[in-house]
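Same order as they appear, the protein sequences are chains A and B. Taking the numbering used here, the leading residue of the first sequence gets 1, the next gets one more, and so forth. Taking the numbering used here, the leading residue of the second sequence gets 87, the next gets one more, and so forth.
These aren't lab readings, by the way, just hints derived from the structure by calculation. Each hint should be verified, as a subset may be incorrect.
[Unchecked claim] To give a feel for the contact side, a few chain A residues facing chain B, derived at Cβ under 8 Å:
| # | residue |
| --- | --- |
| 1 | 3 |
| 2 | 24 |
| 3 | 43 |
| 4 | 73 |
| 5 | 81 |
Here a beta-carbon is modelled for each residue, glycine too, at the ideal position from N, C-alpha and C.
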Amino acid sequence: MRTANRLCLAGVIILISILMSGCGERSQVVAYKSGKYQGKTDTKPWDNDPSAALYTSSKWTAGNKTSWEEAIRMRNQRQNEYGRVD
Amino acid sequence: MARMKFLCDAERCIECNGCVTACKQENEVPWGVNRRRVVTINDGVPGEKSISVACMHCSDAPCVAVCPVDCIYQTEEGVVLHDKDLCIGCGYCFYACPFGAPQFPQTGVFGLRGKMDKCTFCAGGPEKDNSKEEFSKYGSNRLAQGKLPACAEMCSTKALLAGDADVVADIFRARAVKRGKGSEVWGWGTAYGKPDNPQAKPPQGAKS
Chain A
1 MRTANRLCLA GVIILISILM SGCGERSQVV AYKSGKYQGK TDTKPWDNDP
51 SAALYTSSKW TAGNKTSWEE AIRMRNQRQN EYGRVD
Chain B
87 MARMKFLCDA ERCIECNGCV TACKQENEVP WGVNRRRVVT INDGVPGEKS
137 ISVACMHCSD APCVAVCPVD CIYQTEEGVV LHDKDLCIGC GYCFYACPFG
187 APQFPQTGVF GLRGKMDKCT FCAGGPEKDN SKEEFSKYGS NRLAQGKLPA
237 CAEMCSTKAL LAGDADVVAD IFRARAVKRG KGSEVWGWGT AYGKPDNPQA
287 KPPQGAKS
């Protein structure tokens, strides 16, 4: 009798936990708000470690936007052949 | 703050389509999709002009305004990107874009229109930088590697410039000043300017 009660209790607990698991489920439908980007957030290019990049000579400090911008500006000057040959 | 822009120098573009090839190769763009293309005006007529066109990453982008599912966004550097997981492939952005930048891969017998694909300024998309997912959906993320778009970096005549708008404008300004303008610009010196000393001769014994 005692075992039957325990089994019954366990069954009830399992049933409740199954029923309640639906409450923690997030909506999988996107609620569109007009004019506002709804997609995933993007990572910033300057947050990456320059050593992780293949075949690049650009150097900046990971997480430092100013140093990344400076590296990009330096790289930009390679497109200026007057700067390269003069 | 850097604001990324493209600029194509029509005096220098030789319609080699190197930028198109570089883009295709760098981003493994699917068959039938052209993120970048070269447009020639008065083709075959003396004085024809070519420019390389892709997404211009507009500051006030019409594609962002018309997207019904708001999947297009602008990064802090001014690059217009989109989330392919949200895109429904409706084509509104294509109608809104003055440059015809948004592309739609056509698959299957009836040419079903896939999700929008366009130039990302080699900045990938909203996935972990330089991850497999990002590459398969959006292509290479060169900005996250401290590089600039492949099309501009490999342009043989440096007709196509890309990068921080201020720097690009400075480079182009210096170039335009060097080569002159209006009636001064004619003949072989048009694109690269004229030599400072046309009478100069190479030193004896030097290889050409």
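A quick look at each hint next to the structure:
1. 3: violated (51 Å)
2. 24: violated (23 Å)
3. 43: holds (5 Å)
4. 73: Holds, about 5 Å.
5. 81: With a minimum Cβ separation of about 6 Å from chain B (threshold 8 Å), the hint on residue 81 of chain A holds.
Violation of the numbered hints given earlier is confined to hints 1, 2; the remaining hints are satisfied by the structure.
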